[in-house]
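Peer 1: One line per chain: the protein sequences are V and E, in this order. Using the numbering used here, read the first sequence as starting at 1 and increasing by one per residue. Using the numbering used here, read the second sequence as starting at 1001 and increasing by one per residue.
Because the hints were derived from the structure by calculation, they are not lab data. A few of these clues could be false.
What the hints assert, rightly or not - Which residues of chain E face chain V? A partial, calculated answer using Cβ under 10 Å:
id, residue
1, 1124
2, 1412
3, 1417
As the list claims (entries may be wrong) - Which residues of chain E face chain V? A few of them, derived with a C-beta cut under 7 Å, are:
id, residue
4, 1401
5, 1405
6, 1426
7, 1427
Just so it is clear, CB atoms sit at the ideal spot from N, CA and C, and this is done for glycine as well.
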Amino acid sequence: MLKLDCCRITNGGFELSADLEVQTGARVAVIGPSGAGKTTLVEAIAGFTPVSEGRILCDGRDLTTEHPGKRPISMLFQDGNLFPHLSVAQNVGLGIRPNLRLSAQEQARVSAAIDRVGLAGLSDRKPAALSGGQQSRVALARVLVQRRAILLLDEPFAALGPALKTEMLDLVAELTQETGATMLMVSHDPSDAQRIADHVILVAEGHAHPPAPTEAFLNDPPPALRAYLGEAFTAS
Amino acid sequence: MAGRAEPVSPWPGIGAALVVAVLILGTLAAVAVRAEAGPGFGPSDWAALRFTVTQAVLSAVLSVGLAVPVARALARRRFRGRRLLIALLGAPFILPVIVAILGLLEVFGRAGWISTALGWVGMEPIRIYGLHGVVLAHVFFNLPLATRLLLQGWQEIPAERFRLAAQLGANGFAIWRLLEAPMLRRTVPGALAVVFAICLTSFAVALTLGGGPRATTIELAIYQAFRFDFDLGRAALLSGVQLALTAAAAAVALRAASGEGFGSGLDRAIRRWDGHSTMARWLDGLWIIVAAGFLLMPLAAIVLAGLPGVIQMPAIVLRAAATSVGVAAVSTLLLLAMALPMAAAVALGRGQAIEMAGILGLAASPLVIGTGLFIVIHPYADPFDFALPVTALVNAVMALPFALRILVPAARSVVERYGKLGLSLDMGGNAFFWRVMLPRMRAQIGFAAGLAAALSMGDLGVIALFADPELATLPLQIYRLMGAYRMEAAAGAALLLLCLSMGAFWVLDRGGRWHAET
């Protein structure tokens, strides 16, 4: 279970409060108007933005002051998820050993992950020789070998076309189902939430609300969300 | 969270910055302690100060003044070879001073091309030694730099403005008043300050073309006090004056100058709709031809004069060349060992102090550091035994400001783009530095290393202070051959030095970009 215990996150002049719990294995969409602090929330969980008050706990373990790399968290960013000068296998291998000195067994894990995301045979390619969708798959393969309890997605598929994006979301859903990881996904598109998230965290007006079940939430949106979604979505 | 998590450790960079600061400030302190002795600032010292400032002002005004029409012509004309010419404008930066001086002598000297031509029509040969010779050499070096700085200003005028001006029917003078004059008001002061600061520390030019009581710069006076009179007190006093002067000029230059003339994309042509009159075309063409001729003639002269000398290169020249290659290699490694960790630390936002340490190299003069090191080493060992290591070290410190300007933006973008990813993968400082930063910065590292190697290869500064008769780098050997009036051998050696400097730059710069994925 991921718990944000009376957290206050300050990022420049911006302040966000959060007091919420996410069940293990849940798939949660973080939605809200742009500039409301969705990224700030996930970056605080990942350890890139300091928490000025309160604590972040994962299964009872206090993460609040942990180094980002030591937290049980893997994260995909909006862009720059791969190193262009490293091959697919090396980019994935970083998830096991950042110095890339992999044992034979670990290398086998890397190839298994590459096969699993559907990139068999492309291990030696550099990212530039892959399509956008394939690049996302490499990043997901790395998440697989990292075996961390929590996966944070900060709109990593935003640059992909609609069909590719759904394909990636479905793959994420499958992978988290297999690994049992808890997933938090930043999105500005409620249909993403409908597709793969069972819960929604609304971030609006300086506050991150506790997760609510997706269906109920979208069928009867709170006023802040209604304003963001506009009439078109709520009518449908 | 207690501290901000950082993808690489800033400490090696902070350590390197400390070493640089101690080296520059420590040698200065050593100099200052010795400076109290002696009769104070004599009339010849005042003359040196006056000459230093006068020649720097003249050089700056002439270089930038001439650069305005040249840059304007280059900015609005498209012609075959334009790219090459603009690339060539960057060459004087890494051109060994002694080579350029030999080339200038071949063209403008007593027995040079122009004097010979004047002789045909019964006129006196021109004299190149003294103030005008020093200024001529400085304009040769700094006209290209000033042109690049101003050209950058022209390129930064948005293309839409020219389109709008054309739409409004503005031409010639109107464009000048609307777009170009305001841009120049911003860029010219910076260019003036940069050239002025560079010319203040002129040593090799003054050593070869100046001299005598009426054409001695402070740097040259330090050298003379040290080398001829072994008057450490006076050398130290002059060093203090020089440092105050260059520090002030460097501070002004840094404030006034935004670009550094290294910017890429200068060969990009902006589409313009003005300047189509025949007169404008002719004038622009004339400026480009005159400027190109002024820059290319001395280079052509050195190649022509050097070729006969290449065939029978004296053994002493070859030995000096080997020494120079060794010094340049060590100096380049030292530079990278300092500059890379410093760039990483600056990229992490530990900027101010470290960048200041790097910039100190701009304010410090090589001869001042050299004098200081001599004073420090003197009580314990024979400083002349350390001539080569000291030269390599001082060359590296001198190249540091330029290397940082090249490396820091690249390091910043790596940290910005991949810092969080590295952290979230728990890469640790070492893995991030070696696996991510260095490979991602390869092109810039190659460029900086190339500059450092070429600058060190062609440097005639500290080595003149320290070397005994048995030992010489190639530039010093050329200077000695000139002093012995063995001009043919000097020209041959200069051609060799030219090839070595440019070759070192080319190899390292190319090596950095070879198969680099971006």
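Peer 1: Each hint should be assessed against the structure and marked as holding or not.
Peer 2: Verification of the supplied hints:
no.: 1; hint: 1124; verdict: violated, 63 Å
no.: 2; hint: 1412; verdict: violated, 14 Å
no.: 3; hint: 1417; verdict: holds, 5 Å
no.: 4; hint: 1401; verdict: violated, 28 Å
no.: 5; hint: 1405; verdict: violated, 23 Å
no.: 6; hint: 1426; verdict: holds, 3 Å
no.: 7; hint: 1427; verdict: holds, 4 Å
Checked against the numbered hints given earlier, this structure breaks hints 1, 2, 4 and 5; the rest are met.
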